[in-house]
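Numbering (my numbering), first residue to last: -12 to 97.
Treat the hints loosely; a few may be bogus.
[Stated by the list, open to error] Label pairs and their computed distance ranges (CB to CB):
(1) 19 / 81: 35 to 45 Å
(2) 56 / 12: 25 to 35 Å
(3) 28 / 97: 39 to 49 Å
(4) -8 / 96: 10 to 20 Å
(5) 77 / 39: 31 to 41 Å
(6) 47 / 24: 12 to 22 Å
(7) 52 / 25: 28 to 38 Å
(8) 77 / 47: 29 to 39 Å
(9) 87 / 49: 46 to 56 Å
(10) 71 / 97: 17 to 27 Å
Keep in mind the hints are simulated off the structure, nothing from the lab.
Positions of the beta carbon are idealized from the N, C-alpha and C atoms, including for glycine.
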Amino acid sequence: MRYSLAMLVLLCAACLEAGGDALMRVGMRSPTHTRAALFFVLGGLVLTFYGYTVNAPPWDFGRLLGVYVAFFFVVAQLISWLGFGQKPTPMILLGGALIVVGGCVVSLAK
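When you get a sec, could you build the whole thing from the sequences and use the hints?
In structure tokens, the structure reads:
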């Protein structure tokens, strides 16, 4: 799989996983059982698509999953901030910068 396509797949997978987690979180805080059940089902479906997306391509699982962690961190922080109003603290941003640098090192390793 070409590098740029692999990165796009990993970004999609990160969006699916963080988005599915966010749907589950909304469901857990829903005021009605019906609404909670809807969010749980949607979250479960999105997380299922995540599992398929990240595992379907024939790639070096360990290496690219190391890169995936960096994508997941960035997407999760954006969803947390924009979706739940939880702005990342300076220490979370510092730790995240280390995660992203680590992802870059892993992605560029031969």
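Comparing the hints with the structure gives:
{"no.": "1", "hint": "19 / 81: 35 to 45 Å", "verdict": "40 Å, holds"}
{"no.": "2", "hint": "56 / 12: 25 to 35 Å", "verdict": "20 Å, violated"}
{"no.": "3", "hint": "28 / 97: 39 to 49 Å", "verdict": "43 Å, holds"}
{"no.": "4", "hint": "-8 / 96: 10 to 20 Å", "verdict": "19 Å, holds"}
{"no.": "5", "hint": "77 / 39: 31 to 41 Å", "verdict": "36 Å, holds"}
{"no.": "6", "hint": "47 / 24: 12 to 22 Å", "verdict": "39 Å, violated"}
{"no.": "7", "hint": "52 / 25: 28 to 38 Å", "verdict": "31 Å, holds"}
{"no.": "8", "hint": "77 / 47: 29 to 39 Å", "verdict": "34 Å, holds"}
{"no.": "9", "hint": "87 / 49: 46 to 56 Å", "verdict": "18 Å, violated"}
{"no.": "10", "hint": "71 / 97: 17 to 27 Å", "verdict": "39 Å, violated"}
Of the numbered hints stated above, those contradicted by the structure are hints 2, 6, 9, 10, listed in ascending order.
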